[in-house]
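Student: So the protein sequences, as listed, match chains A and B. In terms of our numbering, the first sequence is residues 1 to 358. In terms of our numbering, the second sequence is residues 1 to 291.
Errors might be hidden in some of the hints.
Result set (BS3-like, lysine-lysine): computed pairs, CA atoms no more than 25 Å apart in a straight line [what the hints assert, rightly or not]:
| # | chain 1 | residue 1 | chain 2 | residue 2 |
| --- | --- | --- | --- | --- |
| 1 | B | K96 | A | K114 |
| 2 | A | K171 | A | K185 |
| 3 | A | K111 | A | K134 |
| 4 | A | K348 | A | K24 |
| 5 | B | K48 | A | K134 |
Note that these hints are calculated values from the structure, not bench results.
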Amino acid sequence: MTQAGVSLEVRGIRKSWGPVEVLKDVSFGIEPGGFLTLLGPSGCGKSTLLRLISGLDEAGAGQILIGGRDVSGVSAADRNLGMVFQNYALFPHMTVAENIAYGLRIRRVSKAAKQKALARVAELMALGDLLDRKPAQLSGGQQQRVALARVLVSERPLVLMDEPLSNLDAKLRVEIRSEIRALNKKLGITVVYVTHDQSEALSMSDSVVLMNAGRVVQHGTPMELYRTPATVFAASFIGTPPTNLLDAADVRPPGDGAAGLPADLAGCIFGVRPEALHLVVPGAAGRADFTASGRVAAVEYEGSVFLIHVETPSGARLVLSHSGAEVPQEGDTITLGWDRPATHLFSKETGTAIPVSA
Amino acid sequence: MNKRLPIGLAFVLLVLPCSLLVAFTHYPALRALANSFWNNGSSRRPSKFVGWDNYRAMMEDDRLAQVLANSAIYALGTVPLAIGLAIGMALLVNSKLPATGLMRLSFFMPTMLPMVAVANIWLFFYAPGIGLASQILSVFGLPPINFLGSTDTSLASMMVVAVWKEAGLFMIFYLAALQAVPANLKDAARLEGAGHVRVFFDVVLPLLRPTTIFVAVNALINAFRLVDHIIVMTRGGPNNSSALLLYYIYEVTFAHRDFAYGATLTVLMVVILGAMAAVQFWILDRKAHYQ
Numbered sequence: 001m002t003q004a005g006v007s008l009e010v011r012g013i014r015k016s017w018g019p020v021e022v023l024k025d026v027s028f029g030i031e032p033g034g035f036l037t038l039l040g041p042s043g044c045g046k047s048t049l050l051r052l053i054s055g056l057d058e059a060g061a062g063q064i065l066i067g068g069r070d071v072s073g074v075s076a077a078d079r080n081l082g083m084v085f086q087n088y089a090l091f092p093h094m095t096v097a098e099n100i101a102y103g104l105r106i107r108r109v110s111k112a113a114k115q116k117a118l119a120r121v122a123e124l125m126a127l128g129d130l131l132d133r134k135p136a137q138l139s140g141g142q143q144q145r146v147a148l149a150r151v152l153v154s155e156r157p158l159v160l161m162d163e164p165l166s167n168l169d170a171k172l173r174v175e176i177r178s179e180i181r182a183l184n185k186k187l188g189i190t191v192v193y194v195t196h197d198q199s200e201a202l203s204m205s206d207s208v209v210l211m212n213a214g215r216v217v218q219h220g221t222p223m224e225l226y227r228t229p230a231t232v233f234a235a236s237f238i239g240t241p242p243t244n245l246l247d248a249a250d251v252r253p254p255g256d257g258a259a260g261l262p263a264d265l266a267g268c269i270f271g272v273r274p275e276a277l278h279l280v281v282p283g284a285a286g287r288a289d290f291t292a293s294g295r296v297a298a299v300e301y302e303g304s305v306f307l308i309h310v311e312t313p314s315g316a317r318l319v320l321s322h323s324g325a326e327v328p329q330e331g332d333t334i335t336l337g338w339d340r341p342a343t344h345l346f347s348k349e350t351g352t353a354i355p356v357s358a
Numbered sequence: 001m002n003k004r005l006p007i008g009l010a011f012v013l014l015v016l017p018c019s020l021l022v023a024f025t026h027y028p029a030l031r032a033l034a035n036s037f038w039n040n041g042s043s044r045r046p047s048k049f050v051g052w053d054n055y056r057a058m059m060e061d062d063r064l065a066q067v068l069a070n071s072a073i074y075a076l077g078t079v080p081l082a083i084g085l086a087i088g089m090a091l092l093v094n095s096k097l098p099a100t101g102l103m104r105l106s107f108f109m110p111t112m113l114p115m116v117a118v119a120n121i122w123l124f125f126y127a128p129g130i131g132l133a134s135q136i137l138s139v140f141g142l143p144p145i146n147f148l149g150s151t152d153t154s155l156a157s158m159m160v161v162a163v164w165k166e167a168g169l170f171m172i173f174y175l176a177a178l179q180a181v182p183a184n185l186k187d188a189a190r191l192e193g194a195g196h197v198r199v200f201f202d203v204v205l206p207l208l209r210p211t212t213i214f215v216a217v218n219a220l221i222n223a224f225r226l227v228d229h230i231i232v233m234t235r236g237g238p239n240n241s242s243a244l245l246l247y248y249i250y251e252v253t254f255a256h257r258d259f260a261y262g263a264t265l266t267v268l269m270v271v272i273l274g275a276m277a278a279v280q281f282w283i284l285d286r287k288a289h290y291q
């Protein structure tokens, strides 16, 4: 029961709404059967991009290739793709079965084939008992399943999803997240998924396109985005809590000198993840390549860790994810240390990453 | 928190609105009901109780039969026409065409005019020979029609005036409803391959149903309630061909000064409107909403 996916390629897409340019030369590609996430803050153009791929709106410039075929000028209906909308877009006056089979009805699929297709997705999405209900009689999670079923019933090779989980509560979100991922693997369909939730993007995707202000900031696997952020924006957007950004003035470089570091350290921003920081206790064993000191401003208990907010003398704030036994108290002055591999350096001027040699 | 009103003050506050309601609504209604069981009195002959006599006369009134038939034709004709036109106009002004603001204004204009003014405008339209309608007919080389003076066309002419006056108001309701239809439902249908017509009939029209029920009920009640244009334009004629129930009541009561029979007809009208209101609420309760 695999429906082979198709490849998708986006080349130099531009789009303006009136005088506002919302997409500025966006390009990326995805292999058949892949799971690609468009990630970015609200207003970065990711939903607009999805609508351009779907054919509901037309791009100002650039090409979209689905399965190697340029689809500019091809109507949304003829692009052979399905779409899941943010608030599901179920037809409120139709039953679940009618909603799912709506596309088949329009394409005049025979009754027997329709019944078969309906039974298949109803089983796949565990909707058997709900087929005669109206959408208003379903819970949010069930509505989401119906929306997925409506897309899957037509066996489209490419499925677009526009923040499909944003209306669900946290527990359901994690559940359906893995369900969507499993469907992608099991059916082999290509999925383009839009979200502003970086943890969703990291956990589900084969590759992530991080966008900001209409441009692609970084395109890579979730691990690449997390480990080697390309810009200050990528570092601060990905990870909870986000990467700490420190001025060079707050950082004490290693005792063995600044070997391997750029000469102009003052023109750099240091990035280090909260989980890479550790407490440096004076006099105790253990070492750190870099250190910074500050006053504890707040302590948050998160269950598995404490989040310790520290204010440096220059006024910058950083967060330490601390799992040790000794917890510093508010007002204490502490020293934080981290190692060279955990250090990200960014140019103050351009915001782009500067390689750190070990 | 809300303080409890002293019972005395509450009573005082209620007296004024209650007395207005009683004086101008409840008392006249009950009085009409009572009057319908009495005959007309005069200074020499006081009116006396006649039981069901007025109702018996009503059953045998041929003119009433024609008036009721006219009213039924009028209602069944104007309501669907006004609704269809209102939906069409709402779709037009909700589209991305230029000058939709001007269209909205001009479609809504007839609603703002008093019915008497509307009737005067249409008197000119319908005037045989010199009126706009006759001139348009002559452009196409057709013979002039005496719209208001012929038994074949007078009722239809009245219906056109009513539709023209009402459709603009209903358009406003449909426009609001159209703007509340979620765009992503239409997008979802389009992605499944539905064309514009399909999207309208499969998605938009079903979502307009609550509005349609509301508008239909109001249009139906207006069809019985609004007769100003008939008084101005045809006086029910010729030969009763454009007389509606409320106009007939007006004529019987104030032209013929037959107050007893007028009261009887009023009771009939209240019963008809009450029945329609009951159906309205029954339908609204059961069918009008999805969420």
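Student: Which numbered hints are broken by the structure, listed smallest first?
Tutor: 1 and 5
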